[in-house]
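Construct the entire structure; sequences and hints are all you get.
Take a look at the letters that make up each chain.
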Amino acid sequence: MMTDQTLISGTPQVKRKWYQVIDPITKLLFILDMTLLSFASPNLLLQVGLILVATLLLLFSKLNSTTFKALGFSLFLIVTMLIIQGLFYSHNQTVLFSVLGISFYKEGLIYATMLGCRVLVIILTSGFFMVTTSISENAAYLEQSGLSYKTVYVLMSVCYILPEMMRNMRKIQQAQKVRGTNPQKTLIQKLKSVLPVLIPLVIKTLDQSMARSISLQLRGFDNPNRTVKTSQQYHLSRMLHISLTGLAILLIGWKIWTKINGL
Amino acid sequence: MRTIELNHLTFTYPGRSFSLSIENQILADPMVAIVGQNGAGKSTLFKLLTGLLTPQAGVIKINGTDFNNLKPIEKLRQVGITFQNPDDQLFNPTVQREVEWSVAQVTDDRDKIATQALNALVRVGLDARIAENPYDLSLSERKLLSVATVLAVDPAIYLFDEPMMSLDWESRRKLTAIFHELADSGHQVVTITHDMDWVAAEFESVYVMEHGKFGFAGSPRELFSDHELVDRVGLLPPRIMAVAELLGDSQTYLSVDDYWQKNHDD
Amino acid sequence: MDEDKRIVVDNLTSRYPGTTQPQLRGINAEVQAGQVVGIIGNSHSGKSTLCRVLAGVISKIVSAEVEGQWRLFGRRVDDWPAYNAMTGVVLQNPAGQLSGLSDTVADEIAFDLINQGLAENLIQKRIEKVAAQMGLSAQLHLHPESLSGGQIQRLAIATAIATHPTVLILDDPTSEMDPLGRRQFFHWLAGVKDTTVLIVTSEIDDLCEIADSVWVMHDGQLVSKGTPGDVFNHLATDWQIPAPTITQLAQKMNWRMADGQYPVNAAELKEVRYAHN
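Which chain is which? The protein sequence lines are P, G and S, in order.
If you read the first sequence in my numbering, its first letter stands for residue 1, the second for the next number, and so on.
If you read the second sequence in my numbering, its first letter stands for residue 1001, the second for the next number, and so on.
If you read the third sequence in my numbering, its first letter stands for residue 2001, the second for the next number, and so on.
Note that these hints are calculated values from the structure, not bench results.
None of the values given here were measured: they were computed from a predicted structure.
Note that beta-carbon positions come from the ideal geometry of N, C-alpha and C, so glycine has one too.
There could be a bad hint or two in this list.
If you only want the chain P side, here are some residues facing chain G, beta carbon under 10 Å, derived [what the hints assert, rightly or not]:
id, residue
1, 172
2, 175
3, 181
4, 182
5, 204
6, 222
Have a look at the derived ranges for each label pair, beta carbon to beta carbon [unchecked claim]:
id, chain 1, residue 1, chain 2, residue 2, range
7, P, 150, G, 1038, 34 to 40 Å
8, P, 55, S, 2117, 57 to 63 Å
9, P, 224, S, 2271, 52 to 58 Å
10, P, 151, S, 2235, 50 to 56 Å
Here you go:
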């Protein structure tokens, strides 16, 4: 994985991709606005439009296998939801179609479709945030916005523990594969092989975090005289923050207004 | 006699330019060292020999039988491996359970599991530490523990990836002694190593890997006499040769004793 | 102020909580500015603990009982930010020392420099310099986790030397390097001036070429210290430490120097052979 921009120099050395000139806060506000929009109206056409926008953003940034896996998993969830709601939604009245004598209801299916669309909007926009910002960019940005590096590090190390644990788990599974006879094909087999090593796994991961924390302190990470880095050059971040926040307030306000007036 | 036979073996990682290709090679000596630069294919060969990777073509015969046709339990009885980094091999909460886990893969007999595990720990000198967490051991001790997990299963062929790396002197001596015991008791020991002093002093058979192929097979003396080859594959000759070089002597020496044999006047 | 030019360790004893035996027992030693000290010993000899105490890990970061005193050029560990800024440290398991917050090798080296508050143009220059010294120039744009074990060790050393520390503390910094990488490292170390270096290593042949003095640790005690020549001519068998190849050869061939000692490095070997003939 290469990045076009190094932490230490603020001026771009290589031409940055469009999504790298958008700051992390703008991206987070964008997730918020898209979610609010999606919840603002039960219009299916609007939902499809939002999904399209989010999908296009993802397509034009960078796609990796993790994104596809996450998408696959959420689609699986949505299909399950469609089936359950189509069968058992409490307001079900109109039979839409029957398969093998089992009736699927229109109300439940519409309800589940709406919910599924909203989940997709959130997942797609969050996915866009995840694939376009690295841990180090977030850390640098948070520090620039005034947090102490110590706080930033604590926040970031929380993001760090899960991937570290997964890495350790993969190593253990590889070791079990070489040292053992169980091919661990089914989920039950996998679980059986994982359960007894959970405690050593947690201890190992904590050990690594401890070692990392010691070395960061040795490397002087909480020194108050840290170099103030030249800010990353982001485009229009102030304008984007104000307008996206404005939009969020408008959407919330509108939602409250319609609720109060019982519309 | 124990043998590893490689016939028309090829392996390529998807999306990478590296490829391993071995026409015909038989490793038959009791103690075999495999040397070569990083990326020459030594670790890939080991992964093929343990079944972690499957070759795209060709056959690996262990003591005459096709390795990839063996049942998992038979594979364990034929080949055991010790990784370069012991932390990639250990995952149990205590030293004792670490070794017992290995034996439990090949037998259900509780007594057998306990005795074989304990015997292996005695051999590496960790029997007093059985209740400890493997992560509380020193790096040298963790490495010896990872060796014990293989000793306890007692496979016909032992593979070691950089066994001497990051070991203290006490453990080096201990492990070298174990190597010779294994070889003398009819096992085969195949090791990847960068430690040429150790190769020169302890091994009779060296194979050089270069760009996914075997480039040389012979004795350490033959290898270190071929200066062009040694240079090309980035090996450092045994230190005794560098010392002799200081004295203007560019002959091939394998150890201090070897130098003494050839140079003392009596 | 004589003490400002030395590292002084005075009757240092240290014990981790929950252990009965102390890991360090009554260590007394002194190092002059600019010297290279090699620390050798087997597992559990206390060499890593000594590094951790001198680096300030014990007891500034990890708690342990510590008795006795030590000062780096007059500075005590209680004066933590200044003490810490004086030292560059590489501990065992270099992979655990990566910050995890860097996308590139260059960022990783920059981390220490940013922490020290250096100006940005200086940071860039230092990165290029130490990367060249550690043979990582071609890897600067790579992700730290894509490096090999030996390269990660070189990166850890690069981050430690980037800040130009007064004292460099290295705990087995070449354990995962291949022989060529190790040779390059010791070649670099031989050229280091103006930095006091404490290095734990098992590469005694390389050590004898560059060290001003050698400390032997055994069971938590400093059982021998002196020039490489003095130490390796008087090894006790129960320390289980071999002599350098040159010394072993000289013992076998009975090549002694004028003072009766066996040579331990190339310069001494040449001296003895020319005197001999």
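Outcome for the supplied range 57 to 63 Å, where the beta carbon pair is residue 55 of chain P and residue 2117 of chain S | violated, 45 Å
Would the stated hint for residue 175 of chain P survive a check requiring a Cβ distance to chain G of less than 10 Å?
-> At about 5 Å, which falls below the 10 Å cut-off, the nearest Cβ of chain G leaves the hint on residue 175 of chain P intact, so it holds.
Verify the interface restraint on residue 204 of chain P: the C-beta must sit less than 10 Å from at least one C-beta of chain G.
-> Cβ of residue 204 of chain P sits 7 Å from chain G, so the hint holds.
Could you say whether the range 50 to 56 Å given as a hint is met by the Cβ separation of residue 151 of chain P and residue 2235 of chain S?
-> At roughly 52 Å between Cβ atoms, residue 2235 of chain S and residue 151 of chain P fall inside 50 to 56 Å, so the hint holds.
Against chain G, run the beta carbon of residue 222 of chain P and see if the smallest gap drops under 10 Å.
-> violated, 27 Å
Minimum Cβ distance from residue 181 of chain P to chain G below 10 Å?
-> holds, 4 Å
Would the stated hint for residue 172 of chain P survive a check requiring a Cβ distance to chain G of less than 10 Å?
-> Holds, because the Cβ-Cβ distance from residue 172 of chain P to chain G comes to roughly 4 Å (cut-off 10 Å).
Chain G contact restraint on residue 182 of chain P - CB to CB distance below 10 Å | holds, 8 Å
Cβ-Cβ distance between residue 150 of chain P and residue 1038 of chain G: within 34 to 40 Å?
-> Check passed, 38 Å falls within 34 to 40 Å.
Take the C-beta atom of residue 224 of chain P and the C-beta atom of residue 2271 of chain S, compute their distance, and say whether it sits inside 52 to 58 Å.
-> holds, 53 Å
Against the hints set out earlier in the document, violations occur for numbers 6 and 8.
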